[in-house]
Amino acid sequence: MKQIIYTEWLKVKNYRTFWAMLLLALIIIPAGNFMVADKFTENLQQLSKLVGNPFSFPDIWLTMASINSYISALFGLLLIILVTNEYTYRTNRQNIIDGWERKHFVYAKLFWLVLLALLTLVVATISAILVGVIYGNKPFSFEGYEYMLYYFLQLVVMLTIALLIGVLVKRAGMAIVLFVAYNMMLDQLLTFLLKRYVGTMGGLLPLQSGDELLPFPLVGKMVATSDHYDTYVYILAMLCYIILGIFLVFRKILKSDL
Amino acid sequence: MPILTLQNISKRYGAVQALAGVSFEVPAGSVFGILGPNGSGKTTLLGIVTDVLKADTGHFTLFDKTPTARERRQIGTLLETPNFYHYLSGYKNLEISAAVKQRGKDDIARVLDICGLTQRQHSAFKTYSLGMKQRLAIAGVLLGDPEVLILDEPTNGLDPAGIAEVRDLVRRLAGTGKTIILASHLLDEVEKVCTHVAILRKGNLLLSGAVNEVISRNDYIEIAAANNHALQSLLLQYPGCTSAELNGGLLKVMFAAQPDAAAINNYCAQQGIWLSHLQLRKKSLETAFLEITNTPAQ
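The listed protein sequences derive, respectively, from chains G and C. Its first residue numbered 1, the first sequence is counted upward by one per residue in the UniProt record's numbering. Its first residue numbered 1, the second sequence is counted upward by one per residue in the UniProt record's numbering.
In case anyone wonders, no lab produced these hints; they're calculated from the structure. Take these hints with a grain of salt, some might be off.
[Stated by the list, open to error] A few chain G residues facing chain C, derived, Cβ under 7 Å:
#1 I5
#2 Y6
#3 T7
#4 N14
#5 F18
#6 Y87
#7 Y89
#8 R90
#9 T91
#10 Q94
#11 I96
#12 I97
#13 E101
#14 D257
#15 L258
All residues carry an ideal CB built from backbone N, CA and C; glycine is no exception.
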């Protein structure tokens, strides 16, 4: 594994597009957090008396996780680029020819998936702590941190979808279009239709499962949550999607012509 | 120990049978030419051997073992096109190759030098000409000085000087006892270096084995006299003569075995025909190849 990570490092070390996108994606998290906190504190002080300050501990964790979940797609794009580059340059073949097992190629991309997700969690946590300390009015606490873990899990689901699309579609442009379409519209649309015509299980779609656990902070408190499964159901759903996605990626890479 | 053994390898792309039950063996130390026209299945075959393609049926061994990445790491392979990261320099691309092959970086300078890329080693791959890309791919093959090399159309995109350099390189490597598997549709490319050959057409293996055993490349003679017609009928009676064609002012005479020019000269003189021209000629691999590939598939 060390050898694989070292090789992946050599691939991105001098790749400016990668670093620019990573930096952008990571900066957007605290930038978005601070922007929302600043606007809210400035304009909605009356409301905050009513519903409580969403930027104080422990509510801050849910607030930030919920906001962050809107911009996760950037990391998905980054992963898609890392994957489809290999197909564009046909280096996916060369890596195997030169002496990787096919599964090593999957490990290499899973490494990025895990690293990007962990990096995001760390940055989001630090950012939330800073916002909570600056804009909140209660002492620091890890109570309610599980929302951040839901966010992390949702991010892993989304990155798994990105990886799967990248591996199946192979071409960067098409993969990005499909991924963005699914992320921005298809998942919500299907959720809407399913919830309307089938019922609560509409909330079990891959990205929606995470969203169900990350209700919009203020509204979420006011809306009745009768059409809702227990938390563990959504967590299980997400874990299933992750396992299924990774299984499909392995199957594709191990069985098909490269 | 055979380096590569193929057993009944078949591969189909939709309606196209790319390989149909191909079996042969590549002995250690041989320079093994895989010949065939475009689309005959050469690259598919090497793709299967390097695990980028999956055979539908059949199996193969490398170094007498079930092939894994460990075996591939001992082989330098250039398959079809140079595959490198466009945004990285030649040197950095070879760093990646070295990492995948689990070798150190200390060999990079040597292979860049052999392939004449030392000066441009720090330029991005995307700025390279077609010939330079091909040279970098060959440098990648040589990395770590492997004992076995697989070269698929190695002179693609090279200028005449580059082609000559690659041929010279292959010859030198063959001279050091390395096993080289060379796929090509350019016959003069393999004519002088191959000890063994496999000929493919439309996915079928037409023949394989040591060059001298499987391709009859007996010399022929070109001959002329005052009366070529008389000479023609005379030679057709000569033992071992298979054909005598009048071609311009010369007769092209083929034999079942290696012809002996002195004996033929003597024979004609005894029969009262004095030769004005007699020359031994070598049948080119190209002629032999066309004879083989033009016969209908069995």
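- When the hints from earlier in the document are held up against this structure, which numbers fail? 1, 5 and 6
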